[in-house]
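Here are the chains, one letter per residue:
There are 2 protein chains.
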Amino acid sequence: MKIEKISSSVSLKRSIDQGNEQQREAVLSILETVKREGDAALRAYTEKFDSVTIPTLLVSDEEKKAAYEEVDEQMLAIIREAADNIRDYHVRMVQQSWMVTKEDGTMLGQKVTPLDAVGVYVPGGLAAYPSSVLMNVIPAQVAGVERIVMVSPPQKNGKLPAGVIVAAAELGVEEIYKVGGAQAIAALAYGTETIQPVDKIVGPGNIFVALAKREVFGLVDIDSIAGPSEIVVLADETAYANEVAADLLSQAEHDARASSVLVTPSMELAEAVALEVEEQTSRLPRKEIVEASIRDYGAIYVTKTMAEAIDAVNSLAPEHLEVVTENPMEILGRIKHAGAIFLGRYSSEPVGDYFAGPNHVLPTNGTAKFSSPLSVDTFVKKSSIISYSQKALEENAHKIAAFARLEGLEAHARAVESRFKKDTN
Amino acid sequence: MKIEKISSSVSLKRSIDQGNEQQREAVLSILETVKREGDAALRAYTEKFDSVTIPTLLVSDEEKKAAYEEVDEQMLAIIREAADNIRDYHVRMVQQSWMVTKEDGTMLGQKVTPLDAVGVYVPGGLAAYPSSVLMNVIPAQVAGVERIVMVSPPQKNGKLPAGVIVAAAELGVEEIYKVGGAQAIAALAYGTETIQPVDKIVGPGNIFVALAKREVFGLVDIDSIAGPSEIVVLADETAYANEVAADLLSQAEHDARASSVLVTPSMELAEAVALEVEEQTSRLPRKEIVEASIRDYGAIYVTKTMAEAIDAVNSLAPEHLEVVTENPMEILGRIKHAGAIFLGRYSSEPVGDYFAGPNHVLPTNGTAKFSSPLSVDTFVKKSSIISYSQKALEENAHKIAAFARLEGLEAHARAVESRFKKDTN
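So the sequence lines, in the order shown, correspond to chains L and S.
For the first sequence, position 109 (counting from the first letter as 1) is numbered 979 according to the working numbering, and the numbering increases by one without interruption.
For the second sequence, position 44 (counting from the first letter as 1) is numbered 914 according to the working numbering, and the numbering increases by one without interruption.
There are no misleading hints in this set.
Because identical chains cannot be distinguished in the list, a pair is counted as satisfied if it fits within a single copy or across any two copies.
Computed cross-link-like contacts, DSSO-like style, restricted to lysine-lysine with a CA-CA straight-line distance of at most 27 Å: (1) Lys1291 <-> Lys1157; (2) Lys1157 <-> Lys1269; (3) Lys1291 <-> Lys1261; (4) Lys905 <-> Lys1026; (5) Lys1269 <-> Lys935; (6) Lys1206 <-> Lys972; (7) Lys1157 <-> Lys872; (8) Lys1174 <-> Lys875; (9) Lys1269 <-> Lys934; (10) Lys918 <-> Lys934; (11) Lys1269 <-> Lys972.
Calculated directly from the structure, the hints in this document are not laboratory data.
Construct the entire structure; sequences and hints are all you get.
And the structure:
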């Protein structure tokens, strides 16, 4: 890995795939066709893109049973424990409706309501992750969403991966459909004979899925469009080079466009990590992906001071941040922008990917400056409540009317005044 | 107004202006030019679109003084009281960072951090509303945003409206720039010599502003793209027809595309409201706008039962909902989708536009199904915190590694295991 000296601000090399005009047109045509032809279009596109004929879209009880037989007992226990941890963490962030009551009888408040129906897209191929099922579905369940629909492209054998089915079945997801790509997004947004439409679509996907989500946004809500994964490790001379290197490589193996960065005031650590990365890479099964990722998007930045290193981290606003310093808790308050913050040597990033409880769906591409992890908040919305008393309106009607007239809105003023005019009519 | 009998589900006639290709190209060209030429481009576009030459973009202290002289003392007191009410309501929704500590030393939590810098767009012309300044700026201040920048197009005299300047000055907003349109959005997103870039842009605007916000989304965050205003009144036979009509008309005067709807099980009320609307419209200064709005987007829906009427309201998911029934509190729990809910006869909708405290920036176009009012939440973001103890990692490393290997991510497994390998090396 290249070592580079910097002062306090730096920007990550990031690769955002926006798609090209041809891909966009393909997506628009798929959306239109599914809207018009429903299930028939879903079947046709599945034959075309996934090279398999799907007699029924819904995953059957038999398919669920078969999936359970493929997953061993020990692994099932781990999935269950992870699900419990994720649920336990997310339950703590549930927001309550609230009310303020005033002596004159006025009440103001906010009502928190779950969304009615949510669609979860689970990608196929190499990225078919049971952990993604847990991370997307559990917060929606905790939020109180009544209908959760899962869609995922079938494999060549016409089935979904066993781990994905088992994870969904463990959570009690009943509607699992074997359909992926832009056609699945269309089905969730517009509905078909088999798939009723939803109000929000979450979950990562390839460029066609991302473009389709962008197109249907407005009709339904979507989560953020995820970019390649990123990690920044902020470390001082107390960190172990082999551990830092291992964590950098765990991001790099995701994707040749993933980005792994070390920021440190210690040149000694920087050099040791660079060596470790090279050494460990050679022994990894996904060696080619890792090498490309480290070469194109990896970096080691050396600053003069820890304060400069922290500024650099804030300017990067990484998806994952590890703080591996002597006293990581002291630094927490100075971290302004990061999707998830892992503190100390024993908080290796994969702890958060699978098991600890916090969500692994995090803001990428520097959007941690203004975005949050997927959470229970993602699946609720709020309504303001205003219950004004007669006394409150009597006291304030002339002020409200004056404000309305200042803005040239006479009918607003008269609406408020109408409450009192009647009594004199 | 037309009276129509319905059962339980109905959709609002809505007019969403998506812009045309020509407008989109104009916006792209403005964005590019401002990015390249900075302040010079802002000045050139202001001359072109606002027909005025602006020597300095920043509103000066002299301009602020002059604005205060235009606003009378009584009006200033009302603005201040409204600001206090808005602040008081929004302070109650501030979310705290939280932590869970476990006996083994593990800590999990969530850190709530305000955005660094936010831009507020305040439209010009007829829609130059001081109340919008209060509603957009105060939640950002309560959230703790350090830098709040306001932009608004200058009038033909080269100034901003006095009410807008005074509202901003009252809140202590220091950066107020006389620039509007897509060029203002470009300045906020990319920065110029005078205007430093921000992380999020909020506030309504015309189609060029909306298209520009959509284009810069991703680089910065944006609030929702607002559509025309909507009100649904859910009423029974206890409601006063003149009051219901006055409230419907207060929405209608906003915009010829605004939508005003009554849903009621009472045919008697329906007929009386239809008459009142006609009668009151004739006496309104914005008569032409109101007539067009009521004709094209107004409706009175009569259902058989209140239960059906409530279902109809939920299917509409209105921006504003008034519940004017005998016991509105009993109905609150059955309302699933609405931006703001006004309960009872004395909660006329303009009470919420100006004065009560809840925000008047609300989800339009049926997006109340999945979106929330503008709030303190709009200006903060969250980071997950994971601090695993040695003991917790020792106990769980093999589970995490097994999960990673199930997903084919060997480097993830090794990262976790690296913490313990060292001791045996």
